[in-house]
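With these hints in hand, go ahead and build the complete structure from the sequences.
Keeping their order, the protein sequence lines are chains U and E.
Per the numbering used here, residue 1 is the first one in the first sequence, and the count goes up by one each step.
Per the numbering used here, residue 118 is the first one in the second sequence, and the count goes up by one each step.
If you are wondering where the hints come from, they were derived from the structure by calculation, not from laboratory data.
If you want the footprint, here are the derived chain U segments under chain E, 3+ residues with CB under 8 Å: (1) 25-36; (2) 45-51; (3) 88-96; (4) 108-114.
Here are the computed lysine-lysine pairs in the DSBU-like style, where the Cα-Cα straight-line distance is at most 35 Å: (5) Lys95(U) <-> Lys215(E); (6) Lys71(U) <-> Lys215(E); (7) Lys14(U) <-> Lys57(U).
Some, not all, of what chain E presents toward chain U, calculated at C-beta under 8 Å: (8) Gly159; (9) Leu165; (10) Phe205; (11) Ile217; (12) Gly221.
Values in this document were obtained by computation on a predicted structure and should not be read as measured data.
Cβ coordinates follow ideal geometry from the N, Cα and C atoms, glycine included.
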Amino acid sequence: DGGITQSPKYLFRKEGQNVTLSCEQNLNHDAMYWYRQDPGQGLRLIYYSQIVNDFQKGDIAEGYSVSREKKESFPLTVTSAQKNPTAFYLCASSKGWESAFMNNEAFFGQGTRLTVV
Amino acid sequence: SQQGEEDPQALSIQEGENATMNCSYKTSINNLQWYRQNSGRGLVHLILIRSNEREKHSGRLRVTLDTSKKSSSLLITASRAADTASYFCATVPYNTDKLIFGTGTRLQVFP
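Pasting the structure below:
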């Protein structure tokens, strides 16, 4: 089945550790996004990428890092510099700038819930 | 920064009633989209309306867009208990490639 897969579903991190969240898509989409969602809140954009080997900061990039070495994959690393990392993280993909924003939608994974212990 | 603000924050209705949610945004846009999120899950796209469109329908959903007021509304007609979810608007600000979400409306439909 085509879709976007996030793993793991639940992740626990000790303070001071870096952790990496996986996001893989087989939709042949050019654009990928990472969002953070806190309880009862909307989604805030962390990073996004329109093409391989290129990405841009969103509104809350501090304490996070990403890479886009392959079209299918856009992993997010939550570093120890992120002071309040406990949240629900959502990855999304869409066709890309040329077609996406006039006429299509984003597809989301099922999310990773990160908890600092 | 949140581009969109939904109103109301929460809405409770009975099955069969209509539900209306509103979204206001700050800057000019390419398009506006509505998404649904069941508790603890990913988001699902519902409908997209372009900046040059004023109204769009999809099944029981009706979306309007007023670019002069920078606002949109989502109407769900003849609601069902299964419509219980959070609903978000999202915009692509003009001349950007970001997808920015609003704060969401939590809809509860009682059987």
